[in-house]
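Line by line, the protein sequences give chains A and B. Take 3 as the starting number for the first sequence in our numbering and just add one per residue. Take 3 as the starting number for the second sequence in our numbering and just add one per residue.
Hints were generated in silico from the structure; no laboratory data involved. There's no promise every hint is true.
One copy or two, either will do: identical chains are not told apart, so a pair holds if it fits within one copy or between any two.
Under the rule of at most 25 Å between Cα atoms (straight-line distance), these lysine-lysine pairs were calculated in the DSS-like manner [said to hold, decoys possible]: (1) K536 / K104; (2) K535 / K104; (3) K63 / K289; (4) K531 / K63; (5) K120 / K271; (6) K274 / K152; (7) K208 / K61; (8) K152 / K508; (9) K274 / K289; (10) K271 / K249; (11) K184 / K88; (12) K215 / K184; (13) K152 / K535.
What follows is the residue order along each chain.
2 protein chains.
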Amino acid sequence: MNSVQIIPLGGVGEIGKNCTVIRQDDDIVVIDCGLSFPNEEMLGVDIVIPDFTYLVENKSKIRGVFLTHAHEDHVGALPYFLQQIKCPIYASEFTHAIIRQKLDERVDLREVQLLTFKPGDIIPAGSMSVEPVRVTHSIPETCSMAIRTKHGIILMTADFKFDFTPVDSRLTNMARFGELGKEGVVALLSDSTNVERPGWSPSEMKVSEGLRKVFTAAGGRVLLTTFASNIHRMQQVYDVAAECGRKVAVVGRRMEQNLEICTRLGYLKIPKGVRINLDEMRQYQPKDLAILTTGSQGEPMSALVQMSKDEYSRLRVIPGDTLIYSARPIPGNEAAIWRTVNRLFRQGANVIYDSPTPIHVSGHAYQEELKMMINLTRPYYIAPVHGEPRHQHLYLEIARNMGYPDHRLFTMQDGVPLEIQETAASMGEQVHCGRVLVDSAGTPGVSDDVLRDRNNVARDGLVVVTIAVDPERGEIVGDPILQARAFHAAEGILDQARDVLWDALKNLDSNDIRDVDRLRHEVADIVKKFIQKKAQLRPIILPTILEV
Amino acid sequence: MNSVQIIPLGGVGEIGKNCTVIRQDDDIVVIDCGLSFPNEEMLGVDIVIPDFTYLVENKSKIRGVFLTHAHEDHVGALPYFLQQIKCPIYASEFTHAIIRQKLDERVDLREVQLLTFKPGDIIPAGSMSVEPVRVTHSIPETCSMAIRTKHGIILMTADFKFDFTPVDSRLTNMARFGELGKEGVVALLSDSTNVERPGWSPSEMKVSEGLRKVFTAAGGRVLLTTFASNIHRMQQVYDVAAECGRKVAVVGRRMEQNLEICTRLGYLKIPKGVRINLDEMRQYQPKDLAILTTGSQGEPMSALVQMSKDEYSRLRVIPGDTLIYSARPIPGNEAAIWRTVNRLFRQGANVIYDSPTPIHVSGHAYQEELKMMINLTRPYYIAPVHGEPRHQHLYLEIARNMGYPDHRLFTMQDGVPLEIQETAASMGEQVHCGRVLVDSAGTPGVSDDVLRDRNNVARDGLVVVTIAVDPERGEIVGDPILQARAFHAAEGILDQARDVLWDALKNLDSNDIRDVDRLRHEVADIVKKFIQKKAQLRPIILPTILEV
Numbered sequence: 003m004n005s006v007q008i009i010p011l012g013g014v015g016e017i018g019k020n021c022t023v024i025r026q027d028d029d030i031v032v033i034d035c036g037l038s039f040p041n042e043e044m045l046g047v048d049i050v051i052p053d054f055t056y057l058v059e060n061k062s063k064i065r066g067v068f069l070t071h072a073h074e075d076h077v078g079a080l081p082y083f084l085q086q087i088k089c090p091i092y093a094s095e096f097t098h099a100i101i102r103q104k105l106d107e108r109v110d111l112r113e114v115q116l117l118t119f120k121p122g123d124i125i126p127a128g129s130m131s132v133e134p135v136r137v138t139h140s141i142p143e144t145c146s147m148a149i150r151t152k153h154g155i156i157l158m159t160a161d162f163k164f165d166f167t168p169v170d171s172r173l174t175n176m177a178r179f180g181e182l183g184k185e186g187v188v189a190l191l192s193d194s195t196n197v198e199r200p201g202w203s204p205s206e207m208k209v210s211e212g213l214r215k216v217f218t219a220a221g222g223r224v225l226l227t228t229f230a231s232n233i234h235r236m237q238q239v240y241d242v243a244a245e246c247g248r249k250v251a252v253v254g255r256r257m258e259q260n261l262e263i264c265t266r267l268g269y270l271k272i273p274k275g276v277r278i279n280l281d282e283m284r285q286y287q288p289k290d291l292a293i294l295t296t297g298s299q300g301e302p303m304s305a306l307v308q309m310s311k312d313e314y315s316r317l318r319v320i321p322g323d324t325l326i327y328s329a330r331p332i333p334g335n336e337a338a339i340w341r342t343v344n345r346l347f348r349q350g351a352n353v354i355y356d357s358p359t360p361i362h363v364s365g366h367a368y369q370e371e372l373k374m375m376i377n378l379t380r381p382y383y384i385a386p387v388h389g390e391p392r393h394q395h396l397y398l399e400i401a402r403n404m405g406y407p408d409h410r411l412f413t414m415q416d417g418v419p420l421e422i423q424e425t426a427a428s429m430g431e432q433v434h435c436g437r438v439l440v441d442s443a444g445t446p447g448v449s450d451d452v453l454r455d456r457n458n459v460a461r462d463g464l465v466v467v468t469i470a471v472d473p474e475r476g477e478i479v480g481d482p483i484l485q486a487r488a489f490h491a492a493e494g495i496l497d498q499a500r501d502v503l504w505d506a507l508k509n510l511d512s513n514d515i516r517d518v519d520r521l522r523h524e525v526a527d528i529v530k531k532f533i534q535k536k537a538q539l540r541p542i543i544l545p546t547i548l549e550v
Numbered sequence: 003m004n005s006v007q008i009i010p011l012g013g014v015g016e017i018g019k020n021c022t023v024i025r026q027d028d029d030i031v032v033i034d035c036g037l038s039f040p041n042e043e044m045l046g047v048d049i050v051i052p053d054f055t056y057l058v059e060n061k062s063k064i065r066g067v068f069l070t071h072a073h074e075d076h077v078g079a080l081p082y083f084l085q086q087i088k089c090p091i092y093a094s095e096f097t098h099a100i101i102r103q104k105l106d107e108r109v110d111l112r113e114v115q116l117l118t119f120k121p122g123d124i125i126p127a128g129s130m131s132v133e134p135v136r137v138t139h140s141i142p143e144t145c146s147m148a149i150r151t152k153h154g155i156i157l158m159t160a161d162f163k164f165d166f167t168p169v170d171s172r173l174t175n176m177a178r179f180g181e182l183g184k185e186g187v188v189a190l191l192s193d194s195t196n197v198e199r200p201g202w203s204p205s206e207m208k209v210s211e212g213l214r215k216v217f218t219a220a221g222g223r224v225l226l227t228t229f230a231s232n233i234h235r236m237q238q239v240y241d242v243a244a245e246c247g248r249k250v251a252v253v254g255r256r257m258e259q260n261l262e263i264c265t266r267l268g269y270l271k272i273p274k275g276v277r278i279n280l281d282e283m284r285q286y287q288p289k290d291l292a293i294l295t296t297g298s299q300g301e302p303m304s305a306l307v308q309m310s311k312d313e314y315s316r317l318r319v320i321p322g323d324t325l326i327y328s329a330r331p332i333p334g335n336e337a338a339i340w341r342t343v344n345r346l347f348r349q350g351a352n353v354i355y356d357s358p359t360p361i362h363v364s365g366h367a368y369q370e371e372l373k374m375m376i377n378l379t380r381p382y383y384i385a386p387v388h389g390e391p392r393h394q395h396l397y398l399e400i401a402r403n404m405g406y407p408d409h410r411l412f413t414m415q416d417g418v419p420l421e422i423q424e425t426a427a428s429m430g431e432q433v434h435c436g437r438v439l440v441d442s443a444g445t446p447g448v449s450d451d452v453l454r455d456r457n458n459v460a461r462d463g464l465v466v467v468t469i470a471v472d473p474e475r476g477e478i479v480g481d482p483i484l485q486a487r488a489f490h491a492a493e494g495i496l497d498q499a500r501d502v503l504w505d506a507l508k509n510l511d512s513n514d515i516r517d518v519d520r521l522r523h524e525v526a527d528i529v530k531k532f533i534q535k536k537a538q539l540r541p542i543i544l545p546t547i548l549e550v
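Extracted from the complex, chain A is given alone in its bound form (with noise of 0.2 Å):
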């Protein structure tokens, strides 16, 4: 086999869960380990994880799972990488501390091999090698991979934007793309979740303007929610607010954690004397105050929800507080979000979640940064990545503006290898691949069967039904019990399905009776027949036959 290979087992046709192995002959480097989100159907999972059989498979060959970024998209599927296969893990500094954390909770991390790499250093991994180049983003230290290959530099942009101001002044390395691109790109795998919004997205430097302008109108306190992982974020409202007089405090565990990280390695620069704990609020004004809150995706145990609920003992809002939402719903999450702006509405804050001024910017390439990636790397093939169908869609429609052939673009699919041979790529055959359901304790595995009985008893509820027969003499003992759970019908309607089960009982002879599997479904029959006749609804019914 002369190809190489590049397998999504994750992240293509869908947002999340990213996890793109490459291939070449018996060497395998994996791209991220991350972890989606469950939709409304997945009823009890907590999060969505690749499917990782094609890896654990060919545990030999992995020579390294390199981390762009430490989103939970991209690391969140880690530790259960980790309890199936043991691999070096490379992340740059930050990443690695941030991964570090979420780690222990769920590993012995003496176990793992964590390595820490600097954009541009080269990383050997077996026949290939792995650059990583760094990018600006929502999180510190975003770096593509340039993995090269015997064909030619694959190359994955990872979740990038061209930000001329980032926050941190680490600007993308546009001459190294450049430099690549002449090198060899012979495949382009890229971010394509902004492709649907024209133009350049603005800086992140942006929302200072649209945070000192509400700092400055704020008669009151100021609470901002974001992502607890969003530094540059944080580091501007720390800034803002020591130009502005206020303190700022920090809630929510993920939020504390990054703040002590980030401030011990530098990567938070906090102003002198801004930094107070909640406990010393109490000191000064509600004006010279601003808090910094998780639940910007209304999450039921967040601090900022759960305050929006007042049953966040630590802190209350109060009349006049001013709530900035800088973020983005992650799309699923709309219903929860409102209801708790919402809230806040009713208890006399002011919410700003959208304004003139940016108090939010994507994190993203916009449609002409995507074009600029294009242009700086010159990419043979493209495949856009980091997308639902509809965003590969648009993004292969502007490629073909820009001037490439249909026989150099392709919308990849999880689990299907792009093979890129000397002169040629096509689509390979299908690998093991899926999605793995994670439950809210943490176990993996929720089956179909489960979801569905779920969303059937979530729909209709379920009946037990109970009777007790003496097999040897061939006779039901004592009266059938029927119990409802979930189920929501008129009065009397389990009262009138037992008597109807009775009397059909009653009919059975001795032999029917022994049979107890046959009596068991004889019995969920009857009671499903007659609720779904008297309620037209169509409750689990579980039977239960004794022997006694």
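Using the hints, position chain B against chain A.
Showing chain B alone in chain A's frame:
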């Protein structure tokens, strides 16, 4: 009591289930009777309707229900209302025609007193009167309602916009609003849904331009999905199709029904030769066809969603199809809509859901239009309705900027009367008010207990524990049986739980066992604790003790 009361039973602090009571002494007028859609926590709930207890208790005082327009959030609860209350129902001819077919599915129409009004009629309602005033909106014959009371006119705008080029050429009666203002509007209850949008809403007619561009550019069939009630949108599709030489077929039950009614009554004027049925499609080239379809909200049983899954036998998507998504997602439906759109892209269709020339416009007034309504009607008191707290808040800010002092502005809540006295107004005592959840079989009254059970089972499943006892001898008979549904945990956990339970049961003496209620609690407790400790899950435990 000298006050006139305005009592929202729904539709305030929320979007949906609009229903407002105006009460003057012993006369009650009801404006609208709508439903809303369940949020993601209301499992197994199909629709949400207002609790009509207050109206049932005051049945004899109701002079009529006046319907502003035929949208579900204004008329959808009518069948449930009519099951409890008999009174005249007033509607425009169009609204009448649309609700008739829906009522017919649930109530005996011969028992319903359905009356028709025209804008400008002054309908006596006890000591009050009601005058419908024509406005423009995304459905024909929408009316504001001017209720004349002893303290002046209460003006409910209903859903409206100022469209100067409506598709049916029927303009908002601006002059009449001016006259009412001169006569004396004591309170304006204004639509506030779009208060976040600056400027003026584009005219519905603008959509023709957008459609024309797509119809002309598309090389294959054009499909368009919109709300089945958006007759003006359908009209534009027929008109543009005629212009571009395309034939139009319709799929989806509700859309086909509305097409019939509206063609018969003259609300829809289909150019000659444009209308075909699905079977006739095969006689034409794809480029000569357009298709109107339901499914704009990603409804699982709709034509479009089934097509996107290749499960609709009457019509299949073919590569080269263009779908125009000509609607707005109702909050909560976003995920289902995007899944549908993505599936269509995967099938080779092009989906246009956003465009520089609009392919959809809102039927609700933007900021400048909301101000214009205030300007025309010069109300003394103002209270925004048809909005969540965030919309109410922003609307009142606009009114403040127009010079209104705080004592003339009200943030209403469902169930709390706004009491208008001769020279003042204030909030009164809460009346009985709430939401009633209707299940998938159309039965109202899903309880909080049932919802809690559904959410618990949906998260962690359910375990049924069955034990037979001989109460006379105080003995357990046979083995306990443990069964689980919707339950996800490591294999063998039920067997282990049974063993633990068995051991515990052996320690009980015969008196413990005779106390069946206590035994039931004990059994549930043992199993619950074991599973929680072992699997960190909290399934519902349903113990059954069978006495034999």
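The hints, checked one at a time:
1. For the homomeric pair K536 and K104, the shortest alpha-carbon distance between copies (23 Å) is at most 25 Å, but the shortest distance inside one copy (52 Å) is not.
2. For a Cα distance limit of 25 Å, the shortest separation of K535 from K104 across copies, 23 Å, qualifies, whereas the shortest one inside one copy, 52 Å, does not.
3. In this assembly of identical chains, K63 and K289 lie within 25 Å of each other by CA distance neither inside one copy nor across copies; the values are 59 Å within and 52 Å between.
4. With identical chains, the CA atoms of K531 and K63 are never at most 25 Å apart, being 56 Å at best within one copy and 44 Å at best between copies.
5. For the homomeric pair K120 and K271, the shortest alpha-carbon distance inside one copy (21 Å) is at most 25 Å, but the shortest distance between copies (68 Å) is not.
6. When the C-alpha separation of K274 and K152 is checked against a cutoff of 25 Å, the pair qualifies neither within a copy, at 52 Å, nor between copies, at 65 Å.
7. In this homomeric assembly, K208 and K61 never come within 25 Å of each other (Cα to Cα): the closest approach is 45 Å inside a single copy and 59 Å across copies.
8. When the C-alpha separation of K152 and K508 is checked against a cutoff of 25 Å, the pair qualifies neither within a copy, at 78 Å, nor between copies, at 70 Å.
9. With identical chains, the CA atoms of K274 and K289 are at most 25 Å apart within one copy only, with a shortest distance of 19 Å there and 68 Å across copies.
10. For the identical chains of this complex, K271 and K249 are intra-copy neighbours only, at 15 Å inside a copy versus 65 Å across copies, given an alpha-carbon limit of 25 Å.
11. In this homomeric assembly, K184 and K88 never come within 25 Å of each other (Cα to Cα): the closest approach is 36 Å inside a single copy and 80 Å across copies.
12. Proximity of K215 and K184 under a CA criterion of 25 Å is satisfied in neither setting, with 45 Å inside one chain copy and 41 Å between copies.
13. Taking CA atoms no more than 25 Å apart as the test, K152 paired with K535 passes in neither setting, with 67 Å inside one copy and 53 Å between copies.
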